[in-house]
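Residue numbers (the numbering used here), protein chains in the order written: chain A, 613 to 1015; chain B, 613 to 1015.
To be clear, the hints were calculated from the coordinates, so they are not data collected in a lab. Model, not experiment: these values are computed from the prediction. Be careful, since some hints might not be right.
The list makes no distinction among identical chains, and a pair is therefore deemed to hold if it is satisfied within one copy or across any two copies.
Heads up, simulated DSS-like pairs for lysine-lysine below, C-alpha to C-alpha not over 30 Å straight-line [claimed, not checked]:
id, residue 1, residue 2
1, K615, K777
2, K975, K951
3, K777, K696
4, K660, K796
5, K615, K675
6, K1000, K951
7, K980, K615
8, K660, K696
9, K948, K615
10, K615, K951
11, K696, K894
12, K796, K894
13, K615, K975
14, K948, K696
There are 2 protein chains.
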Amino acid sequence: MKKILVFLAALAIGLSANAQQALWGGPSVESPVINPDGTVTFRYQAPKAVKVEVTGDFLPTQKMEVEFGGNKMTYDAPGVRELKEGPMGVWEYTTDFPVAPDMYTYTFRVDGLTVIDANNVFVNRDIASITSVLLVPQEGARSDLYAIHDVPHGTVSKVWYHSDKQGINRRLTVYTPAGYETSKAKYPVLYVLHGIGGDEDAWVTQGRATQILDNLIARGEAKPMIVVFTNGNISQEAAPLENSTGYTRPTMQLPQTMEGSFETAFPEIVKFIDGRYRTIAKKQSRAVCGLSMGGFHTLYLSLNYPQLFNYSGMFSAAIGVSDPSVSPIYQDFDAKLAKYFAGKPALLWIGCGVTDFLYQANKDFMKKLDENGFPYTYMETDGGHIWKNWRIYLSEFVPLLFK
Amino acid sequence: MKKILVFLAALAIGLSANAQQALWGGPSVESPVINPDGTVTFRYQAPKAVKVEVTGDFLPTQKMEVEFGGNKMTYDAPGVRELKEGPMGVWEYTTDFPVAPDMYTYTFRVDGLTVIDANNVFVNRDIASITSVLLVPQEGARSDLYAIHDVPHGTVSKVWYHSDKQGINRRLTVYTPAGYETSKAKYPVLYVLHGIGGDEDAWVTQGRATQILDNLIARGEAKPMIVVFTNGNISQEAAPLENSTGYTRPTMQLPQTMEGSFETAFPEIVKFIDGRYRTIAKKQSRAVCGLSMGGFHTLYLSLNYPQLFNYSGMFSAAIGVSDPSVSPIYQDFDAKLAKYFAGKPALLWIGCGVTDFLYQANKDFMKKLDENGFPYTYMETDGGHIWKNWRIYLSEFVPLLFK
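The shape of chain A in the complex, shown without the other chains (with noise of 0.2 Å):
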């Protein structure tokens, strides 16, 4: 043991000063903390700043007004709370409030400049964000099926399929239910769609979706299925870093998104995927869903490929953007949502959050589903256009599909 001892103290002294205070010593400073009684604990250490500040989605909002094109919008802005500064320049908040079992991110402010939590190597990447990760879980409540259970884990794949539409090749991310491997069975395929800016990477980081098939299929709570999380950025081929571009910058204003050449595309990835994994290749086995501009694609897909999916689910959907003159595929709107309707799809799930800029635009959807009495399901929330809602859709539709 003795031995092993001074090869870890070499090896602490051989890494950089940084690691070595991290590994050898421990952390400093413990960040975050989840005390007994539910508030949660944050700290930073930073003798020489005047200000240190925290700001996350596990604080209150506060209400925040901006003009764009002539047009004020309000949005809930993420709170903020000062840390107070205590020994050894360690900064330190602790909630007033028990902080709500879910799944939060967060960042410092030091002095103005935001950073993340240096002793917290939980970090996300959402778009071009990154930030600190503070998982709350707890029995029973909703965010329990964000959390890492003992149950049968799926196999989580990164696959890349030949884009013939693009001529790229194109990466994937590909969730097989526990039993899959071992199984002869065949599965059905729900497909999972991002936001503006997103990937391949979101919905299993920031959305937690893997975690949820896992615990809702151990629950018996949701059927074994596969789960194909695509990357709507047509033009790209993968997420940030997994580029052959190199060092392409995550962006919302990336070209060919929301001109028809997504959707145009899609069946070359349902047949792609029929092709590789036992799957039951029909209408009946295959649902979608996504996220804002995925809940757009998610629409036109449903309307354009009525025989493709039985299950459709637009998770606060950026309803009424869609241009008719880019492409055949905004096109012809009314006779393609009743020739959807005709096909009499099994669902069609709408998720959407009181404080939504996007809020409006759903209502008007339903409204005229509504005047035509074309069936849907509705999930209002408290909220806007944030993950946390997005998590609680995706926990709400899967529990729905082939039954």
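Since chain A is already given, all that's left is putting chain B on it; use the hints.
For chain B alone, kept in the frame of chain A given last:
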């Protein structure tokens, strides 16, 4: 198009102020920038800072000496450079040398605080350290292997198996080469082991192993093979945040490392892989390699299971730290060594850097091999106990396998 722009604007406004800056206005500061002359510019916006520095393995190291337990040890500390403040509080440093093509990690120090590059979304976790990534590829350079090219890509999967020995589910990273899924062929298997504190993610993130494999196979320089990245912390289910135990902080002081349990239980991983994948399930088609603790594990796996592995790669291996009193795995070293070589393994490959604190231990081991006339291949590199070397060793080892 106008509608989409309004949607984007509303989305940007709806997002947090942090995200908004990076997403909508584009990053206010570009960093890092690889300049046409090969120098690299780093920038960090910190208007209130007094001193901003950058440190990382792209800088020449500086010799440092420390005393530990009465022994003086020298090591290569990463270099540090000061940035200069320019307009808008944007600090900047440009290297006065072309940065050699390679993959690097770096951090800034703002008035002593270690922070990642706020304008670089490419972050890496290595054990408990979060750092920013600088990848400098160049055609014809070795680092070209670390870049993603437009070649057929293998599938990278996170796969769980049940450890009967430990009574827990455990996670592996498994690489199946391009063509595996559409072929009926059987493939050889390489097991790749991480260092202390690492996990089944380490070789894929910091080690660029799947890029190295994709590129070597595409060039015809390596045989298509299945590669299994194990988690060598036998008491651990999986990497942090992938555990059912919740917020387990990465540490080098995990129980049950280097005390025989991992090596004892290893055959159950081989059995799982041979059962799950189309492998050539025999010694001739099985290899193992690892870095540091993983090199230690490689040595004892090779010695204790001479019938399992035909190729073994020890990268900066932690030689000389085993304790025979803790496990039979570490007993009868000389006899096992003789038996191992009597089995005529195809390759024992050793790599070490001249400034590695384990250099002498590796030299001593090779002296023993020489004295016994046991054959091996040795590669000596500059530098010490660093990922740069481990990527080189993997790139050199893989082409030698299964010929």
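Here's how the hints hold up against the structure:
1. K615 / K777: The answer is between: 26 Å across copies meets 30 Å, while 59 Å in one copy does not.
2. K975 / K951: within (21 Å within a copy, 75 Å between copies)
3. K777 / K696: neither (56 Å within a copy, 48 Å between copies)
4. K660 / K796: neither (62 Å within a copy, 63 Å between copies)
5. K615 / K675: between (59 Å within a copy, 25 Å between copies)
6. K1000 / K951: Close neither inside one copy (33 Å) nor across copies (59 Å); limit 30 Å.
7. K980 / K615: between (74 Å within a copy, 20 Å between copies)
8. K660 / K696: both (13 Å within a copy, 19 Å between copies)
9. K948 / K615: Answer is between: at 21 Å across copies they meet the 30 Å cutoff, but 72 Å inside does not.
10. K615 / K951: So K615 and K951 pass the 30 Å test across copies only (26 Å; inside, 74 Å).
11. K696 / K894: Result: close neither inside a copy nor across copies, 59 Å intra and 62 Å inter.
12. K796 / K894: Both: 18 Å inside a copy, 26 Å across copies.
13. K615 / K975: between (68 Å within a copy, 18 Å between copies)
14. K948 / K696: neither (59 Å within a copy, 60 Å between copies)
When the structure is compared with the earlier hints, violations turn up for hints 3, 4, 6, 11 and 14 and for no others.
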